[in-house]
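A.B. asks: Protein sequences, first through last, are from chains A and B.
Residue 0 is where the first sequence starts when you use numbering that gives the first Met the number 0, and the numbers rise one by one after that.
Residue 0 is where the second sequence starts when you use numbering that gives the first Met the number 0, and the numbers rise one by one after that.
Keep in mind that the hints were calculated from the coordinates and are not lab data.
Among the clues, some could well be false.
[Claimed, not checked] Residues from chain A that face chain B, not an exhaustive set, calculated with beta carbons under 8 Å:
#1 Leu184
#2 Pro188
#3 His190
#4 Gln233
#5 Pro236
#6 Asn249
#7 Gly272
[What the hints assert, rightly or not] Residues of chain B placed beyond 12 Å of chain A at every Cβ, according to the derived structure:
#8 Gly5
#9 Glu111
#10 Tyr213
#11 Glu215
Given the structure is predicted, the values throughout are model-derived calculations rather than measurements.
Glycine is no exception: its CB is placed at the ideal position from the N, C-alpha and C atoms.
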Amino acid sequence: MGRLDGKVVFITGVARGQGRRHAIRFAEEGADIIGFDLLDEIKGSPSAPATQEDMDETVRQVEALDRRIIATKADVRDYAAVKSAVDVGVAQLGRLDVVLGNAGVFTAPALAHELEDDIFMDTLDINVAGVWRTAKAAIPHLKKNEQGGSIILTSSVAGLMGYPNFAHYVSSKHAVVGLMRTLALELAPDHIRVNSIHPGSVNTVMVTNDTIAKLFRPDLENPTAADFAEAAKQMNPMGIDMLESFDISNAMVFLASDEARYITGVTLPVDAGTMVQ
Amino acid sequence: MGRVSGKVAFVTGAARGQGRAHALRLAEEGADIIAVDLCGPVPDLQYDHATPDDLAETVKQIEALDRRIVAREADVRDFDALKGVVDEGVAELGGLDIVVANAGICIIADAESTTPEIWKNTIDTNLTGVWHTVQATVPHLKGRGAGSIILTSSAAGLVALPFLTAYIAAKHGVTGLGKAYALELGRFNIRVNTIHPGGVDTPMGGMGAAFPEYIEKNPGIVMGGYGVLPETTTQAVDQANAVLWLASDEAKFVTGTQISVDAGMVVC
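If we strip away everything but chain A, and leave its shape as in the complex, we get (with noise of 0.2 Å):
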């Protein structure tokens, strides 16, 4: 008996890190997954773009605990094939119970005043309003259930602090929490909650590159991973350099639940305490 029988989940980023990871822990709890993932590079990326193989191994992982996936290949910028990914996984999968902003990305980082126009702008479209044309395509879906659903997006300590150097990312970060509590207000009435997560640094290529290692060791000219760790430990009063994916996927999985059926309009931290630090 899964706490999540019988119902449809809508991921976003779903072909590697914490998309696919959710995936797979949704389907250990009973649910079917709708997925898609951009599958193609993005200017200033300091990591290389999830691939078909990627989006296979997720459809494999789903598919080996005989749960149901329909994985399509689309971009969070461009509505109409938001809407035709939820649309024909919808239509094949009878419902939608659950949705997970999940999909966002982490490119070039410099101080505020000399980032790129076009990188700027480039993540508020994936990182905000990728996350509203989800959250848009999917609420009528979610409206049509009796018992509601749970949307929940994927922030970032980032999006509760300031960080210096991404300016664009934190900037896209905390307005998701904006669109949060809106969208939180507005679907109550229709039993729909909407809660954000803020992880701290995940165990993915997001934070695994040498881009990120730079960063926080602004003091070694070729920083090791070790070298990041080192820091990254001193960032919580839990002393841990990284979370795992499946950390944030135990709090998606509460928040998607019956358990969490009156927890809406919560912003909340999986970040080892980060934020009291």
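Fit chain B to the given chain A structure using the hints.
C.D. replies: Structure of chain B alone, referenced to chain A:
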């Protein structure tokens, strides 16, 4: 396999209401319980206090789940008494992993009508009692090398509501206390979070009958404090499900957070 199998949880205010729900939910998922409750009167309460029979009923329900429970009458305002029960329970059950500082009172009075006694009893129970609970239990959690502490604050620990000055002050204090402990205890792998219930269907809810007098006496003060979901009153089990999640390894890197379980009361 339960989500907190083999763990031991200490719950204050466990005779009924949210405290009993926490004890039951944790026991359903495999934990043994150390429970305390005052089981007696506090001056000025506008609802019936818990009784020894209530605590006995909690014991009966836990034992019906085939879990062990050490339950004692004790006052969270009395550090030595509280520590005595904790130490006794840990000796009997073999350790401590989870702490739920739930005991609290709520007395409705406008600012003008709040007497020094109301202030003192509220702060002593709702804030100092929580501090006592943590102080008495942390040594055992450190001995275990890990732990999860959940403090019951309130929506009133994040925002102000009318006619509750002492309660608001105490519950805001609990919110700060949670953050402060999270900061210091993280390096011992002890997590500390606060939950923030809105309206809960428990005997304490009986205090609501005291509001009209103060509303009438204070025209122009907006009541507020309602959730946005269609059903605004939560059940004790909804609070207990949040406690369970925070207590479990599913939340093993969640610390220093404030989780509202309030039907959206503080978002608006």
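A.B. asks: Decide, hint by hint, whether the structure agrees.
C.D. replies: Against the structure, the hints come out as follows:
1. Leu184: Status holds, d = 6 Å.
2. Pro188: holds, 6 Å
3. His190: holds, 6 Å
4. Gln233: Violated, about 11 Å.
5. Pro236: holds, 3 Å
6. Asn249: The hint holds - A/Asn249 has a Cβ within 8 Å of chain B, the shortest such distance being about 4 Å.
7. Gly272: holds, 4 Å
8. Gly5: At roughly 19 Å from the nearest Cβ of chain A, B/Gly5 sits farther out than 12 Å, so the non-interface label holds.
9. Glu111: holds, 33 Å
10. Tyr213: holds, 26 Å
11. Glu215: Non-interface label stands for B/Glu215: nearest chain A Cβ at 30 Å, farther than 12 Å.
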